[in-house]
Amino acid sequence: MRILGLDLGSRTLGIAVSDPLAIIAQGVENFRFKDESYEVALSKVGDMLEKYSCEKVVLGLPLHMNGDLGEKAELAINFKKMIENEFNVKVFLIDERWTTKQATRSLLEADLSRNKRKSVIDKMSAVVILQTFLDQQKGGIK
Numbered sequence: 245m246r247i248l249g250l251d252l253g254s255r256t257l258g259i260a261v262s263d264p265l266a267i268i269a270q271g272v273e274n275f276r277f278k279d280e281s282y283e284v285a286l287s288k289v290g291d292m293l294e295k296y297s298c299e300k301v302v303l304g305l306p307l308h309m310n311g312d313l314g315e316k317a318e319l320a321i322n323f324k325k326m327i328e329n330e331f332n333v334k335v336f337l338i339d340e341r342w343t344t345k346q347a348t349r350s351l352l353e354a355d356l357s358r359n360k361r362k363s364v365i366d367k368m369s370a371v372v373i374l375q376t377f378l379d380q381q382k383g384g385i386k
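Numbering (the numbering used here), first residue to last: 245 to 386.
These aren't lab readings, by the way, just hints derived from the structure by calculation.
Mixed in with the good hints there might be a few duds.
[Claimed, not checked] Computed cross-link-like contacts, DSS-like style, restricted to lysine-lysine with a CA-CA straight-line distance of at most 25 Å:
hint: 1; residue 1: Lys382; residue 2: Lys300
hint: 2; residue 1: Lys334; residue 2: Lys288
hint: 3; residue 1: Lys334; residue 2: Lys316
hint: 4; residue 1: Lys295; residue 2: Lys334
hint: 5; residue 1: Lys316; residue 2: Lys382
hint: 6; residue 1: Lys316; residue 2: Lys288
hint: 7; residue 1: Lys324; residue 2: Lys288
hint: 8; residue 1: Lys334; residue 2: Lys300
hint: 9; residue 1: Lys300; residue 2: Lys324
hint: 10; residue 1: Lys278; residue 2: Lys288
hint: 11; residue 1: Lys325; residue 2: Lys288
hint: 12; residue 1: Lys324; residue 2: Lys278
hint: 13; residue 1: Lys382; residue 2: Lys324
hint: 14; residue 1: Lys295; residue 2: Lys324
hint: 15; residue 1: Lys324; residue 2: Lys334
hint: 16; residue 1: Lys278; residue 2: Lys325
hint: 17; residue 1: Lys325; residue 2: Lys295
hint: 18; residue 1: Lys325; residue 2: Lys300
hint: 19; residue 1: Lys295; residue 2: Lys278
hint: 20; residue 1: Lys300; residue 2: Lys288
hint: 21; residue 1: Lys300; residue 2: Lys316
hint: 22; residue 1: Lys278; residue 2: Lys316
Work the whole structure out from these sequences, hints included.
Laid out in structure tokens, this is it:
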């Protein structure tokens with residue numbers, strides 16, 4: 245069973261997918277859409293669910309450092325509802341406060357240029373979000 249991992253921004257959607265055993269996350273794409281065109285992003289999610297036969301979705305929840313919900317977190321919650329309503333799939337929210345920092349560190353260790361890092365950072369953040377979920381679920385997918 246594959247699981248789809250997402251990092252939603254105002255113009256980008258980082259996409260990752262698990263292996264069939266739901267053990268390892270791998271980056272798929274850094275999808276760009278027009279500013280706040282979430283219907284376009286939703287359509288892309290549908291394409292990915294079908295292409296990879298995913299049964300679950302993990303979406304990053306951008307909380308403030310103190311744990312409070314902000315405007316971006318509310319957007320993620322609304323996008324979660326859109327996915328669940330449109331595709332009848334369970335969506336899990338994962339705290340993503342440190343994902344960009346972790347992804348950037350990995351890309352720096354790989355010695356990628358600033359421009360290359362910028363072009364793949366959301367995809368790598370989606371990988372971190374999904375891998376966090378997969379690691380939490382070891383011992384049985386719930």
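**Request:** Would you mind confirming whether the straight-line C-alpha gap from Lys382 to Lys300 stays at or under 25 Å?
**Result:** Since the Cα atoms of Lys382 and Lys300 sit roughly 15 Å apart, the hinted pair holds (cutoff 25 Å).
**Holds or violated: Lys295 to Lys278, with C-alpha atoms at most 25 Å apart** = The given pair, whose Cα atoms are some 23 Å apart, holds under the 25 Å limit.
**Request:** Starting from Lys300, check that the Cα of Lys316 is at most 25 Å away, please.
**Result:** 22 Å, holds
**Hinted pair Lys325 and Lys295, Cα distance within 25 Å** = 21 Å, holds
**Asked** Is the hinted pair Lys316 and Lys382 satisfied, with a Cα-Cα distance of at most 25 Å?
**Response** 29 Å, violated
**Message:** Between the alpha carbons of Lys278 and Lys325, is the straight-line distance 25 Å or under?
**Reply:** 20 Å, holds
**Asked** Is it true that the CA of Lys316 sits at most 25 Å from the CA of Lys288?
**Response** 20 Å, holds
**Prompt:** Under the criterion that the straight-line Cα-Cα distance not exceed 25 Å, is the pair Lys278, Lys316 satisfied?
**Reply:** Between Lys278 and Lys316 the Cα gap is close to 17 Å, so the pair holds against 25 Å.
**Distance restraint between Lys334 and Lys300, which requires alpha-carbon spacing of 25 Å or less** = 5 Å, holds
**Prompt:** Within 25 Å, alpha carbon to alpha carbon, are Lys295 and Lys324?
**Reply:** Roughly 19 Å separates the two Cα atoms, so the pair holds.
**Asked** Are Lys324 and Lys288 close enough, with their CA atoms no more than 25 Å apart?
**Response** Measuring from Cα to Cα gives roughly 14 Å; hence the hint holds.
**Asked** Given the hint that Lys334 pairs with Lys316, does the C-alpha gap stay at or below 25 Å?
**Response** 20 Å, holds
Hint compliance for this structure: hint 5 is the single one not met.
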